[in-house]
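Novice: Read off the chains here:
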Amino acid sequence: MLSLQQKLISNIRDVPEQAMTRDGFGDALLELGETNKDVVALCADLAESTRMLAFKEKFPDRYIELGVAEQNLAGVASGLANYGKIPFIASYASFSPGRNNEQIRTTISLNNVPVKIVGSHAGLSVGPDGATHQALEDIALMRVQPNMCVLSPADREQAKKATRAAAEHPGPVYIRLAREKTPTVTTKDTPFEIGKAQLLWQGENPQVAVFVTGTLLWNALRAAEELQSEIAVTVVNVHTIKPLDEKTITQAARAAGAAVTVEEHQVAGGFGSAVAEVLARTAPVPLEFVGVHDRFGQSGEMQQLWNEYGLGVPHIKEAIKNAFARKF
Amino acid sequence: MALTQKTIQTLEQKAEAIRETIIEMLVAAGSGHTAGPLGMADIFAAFYFYILKHDPAHPDWDERDRLILSNGHIVPVRYAAMAHAGYFPVSECLTLRKFGSRLQGHPERLRLPGLETTSGPLGSGLSQAAGIAYGLRMDGKKNRVYCAMSDGEQDAGQVWEAAMFAGANKLSNLTAVMDRNNIQINGMTEHVMPLENLRAKYEAFGWHVIEVDGHNIAEFIHAIDQAKAIYERPTLILAHTIPGKGIKEIEFDYTWHGKPPTKEEARKFLHELRTLRGKVLGEHE
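So the protein sequences, as listed, match chains A and B. According to the numbering used here, the first sequence is numbered sequentially starting from 1. According to the numbering used here, the second sequence is numbered sequentially starting from 1001.
It is possible that part of the hints are untrue.
Keeping only pairs whose Cα atoms sit at most 30 Å apart, straight-line, the calculated DSS-like set for lysine-lysine is [said to hold, decoys possible]:
no. : chain 1 : residue 1 : chain 2 : residue 2
1   : B       : K1141     : B       : K1098
2   : B       : K1248     : A       : K58
3   : B       : K1263     : B       : K1248
4   : B       : K1142     : A       : K56
5   : B       : K1053     : B       : K1141
6   : B       : K1170     : A       : K56
7   : B       : K1170     : B       : K1053
8   : B       : K1141     : A       : K56
9   : B       : K1053     : A       : K37
10  : A       : K37       : B       : K1263
11  : A       : K58       : B       : K1141
12  : A       : K37       : B       : K1248
13  : A       : K181      : A       : K56
14  : A       : K58       : B       : K1170
15  : A       : K7        : A       : K188
16  : A       : K58       : A       : K188
Think of the hints as simulated: they come from the structure by calculation, not from any bench. Every value quoted in this text rests on a predicted model; they were computed, and no experiment measured them.
Could you put the whole structure together from the sequences, leaning on the hints where they help?
Specialist: Dropping the structure here:
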């Protein structure tokens, strides 16, 4: 059943309200404009689609336009942060941290300055734009850089909290966002703390633990609920991929004795790999990976792509069954 | 400090002392770049002993000017200049590139106070300098931002993204200094990837451009003063330099871009520098 402590929406059986994580970012950025004078926004010609537009209109003196120049976007932000500002830089994740990865590595991570990198349009859910614009590598690129904190909020409400927390965090942060509307599962009252994974669904005497990051959260919860008469499942929402909450992940995996990871990203190097790195050491249980397996995306609607690449509710259920079967 | 003949003479002596330290540190390190640091010794002497508003005892002083080194591989010249200016003991220069040293092979801001940025991968310093300059201007601060960069790194597209940004935003508190020594690792810049016409290119991007002899300290300082008087535009000082300057047998030789002298060569080079210093003094006195 849904955890009461986490103060989620009360019913996940019906499709909840749908919203975009990028809108959550935009809302929080605007709010930060009022509350934190050091916050500045930099964008590479995508103010509307990364949801920086409202900030730009309200705080024109603190909005900096870079044009289609993601390498310079990272470098200028590094300079501003070095000087004392808190820059949020936004583009599509394919371009930032995709194209400008070395600039982020040297001038932001190694330099350890508090630039907040906002990668919008991550995952297959970008849809019709196709493979070039569907970032499936960004978690991998960001989590291997020392000093970098990696956040992957599950819904609009959580994206707001992630954005606020990023501004407070003393070092560099990557925030992964999606283009499409996805179900809003958390509420204003759901706790959020960087580095703290959230147990959202608790099966009695759990048999499989599901670790999910980002906008597939609702799919994972649906899978757990649909299976509840067959297999008892726990669902842990891991909004912080780095630093990873090793303790919660280990405890959940140990308690269940089998686990599944769920992400809209390449499994290789991504969230599934991150979880596997921990569990190999602390709780080596059977582990199944729901995610993209060494393929590029393509044009299509979100649900079509999730089906094609095996990220839908039936696929998660199958992975849970497979993990469960491997226990014996 | 007025720019008298005596001041210039003092700065020239500082440059020679920096060159000697560069040779000493490179031979101790057993690896590193020789030509670039020697070629920029006069300019770094001018920066650290005349131009920059800074305080070696307080590297984080808010009122300091910022000197960003984009082509991090010539950092021995910066380390030597900083040491002679009093940021740390000159003897520490001999730890260059050694395990545990604050003097990394390429500069790291967090290891040594006063470095301002971390650099090495070419082409990203001008962006960072522009970001700092933008931030200072947002807050109405008067500090100047300088960015030392190489000519070879002008091959990198990011430099032109930054040049376009600085021009568009009229960052007149930003002055870039290009070490136009005509060499890069694979050979002469105009053979590897022709860069000219650099003046016209930067002017087209909205910059004020001044060309100087990078070994004429007075001329360089005048260019810096001129840059301060230019409003609504960033300035590029195209400093024509001689790679390996000060040691006749390696001047203009691109093969000295990325190697250090042997012990034997170092002895010879140091002798030559010390003799030259005698000559410089003799001519001026």
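Novice: Hint by hint, say whether it matches the structure.
Specialist: Each hint tested on the structure:
1. At roughly 38 Å between alpha-carbon atoms, B:K1141 and B:K1098 are farther apart than 30 Å, so this suggested pair is violated.
2. For the suggested pair B:K1248 and A:K58, the alpha carbons sit about 60 Å apart, so the restraint of at most 30 Å is broken.
3. A threshold of 30 Å between alpha carbons decides the hint, and for B:K1263 with B:K1248 the separation of about 17 Å falls inside it, so the pair holds.
4. The straight-line distance between the Cα atoms of B:K1142 and A:K56 is roughly 26 Å, inside the 30 Å bound, and the hint therefore holds.
5. For a cut-off of 30 Å, the pair hint linking B:K1053 to B:K1141 stands: about 13 Å separates their Cα positions.
6. For the given pair, B:K1170 sits about 20 Å from A:K56 by alpha-carbon distance, which is consistent with the 30 Å threshold.
7. At most 30 Å may separate the alpha-carbon atoms for a hinted pair to count; B:K1170 and B:K1053 meet this at roughly 22 Å.
8. A C-alpha spacing of about 23 Å is found between B:K1141 and A:K56, which places the hinted pair at or below 30 Å, so the restraint holds.
9. A distance of roughly 27 Å separates the Cα atoms of B:K1053 and A:K37; the hinted pair therefore holds under the 30 Å criterion.
10. Straight-line distance between C-alpha atoms of A:K37 and B:K1263 comes to about 55 Å, which puts the hinted pair past the 30 Å bound.
11. This hinted pair checks out: A:K58 and B:K1141 have alpha carbons roughly 24 Å apart, not beyond 30 Å.
12. Between the alpha carbons of A:K37 and B:K1248 the distance comes to roughly 55 Å, so the proposed pair goes past 30 Å and is violated.
13. Among the hinted pairs, A:K181 with A:K56 is consistent with the structure: their alpha-carbon atoms are about 23 Å apart, no more than 30 Å.
14. A threshold of 30 Å between alpha carbons decides the hint, and for A:K58 with B:K1170 the separation of about 23 Å falls inside it, so the pair holds.
15. Taking the CA atoms of A:K7 and A:K188, the gap is near 8 Å; set against the 30 Å cutoff, the hint holds.
16. Using a Cα cut-off of 30 Å, the hinted pair A:K58 and A:K188 holds, with the two alpha carbons roughly 24 Å apart.
The structure is inconsistent with the numbered hints 1, 2, 10, 12, although it conforms to all the rest.
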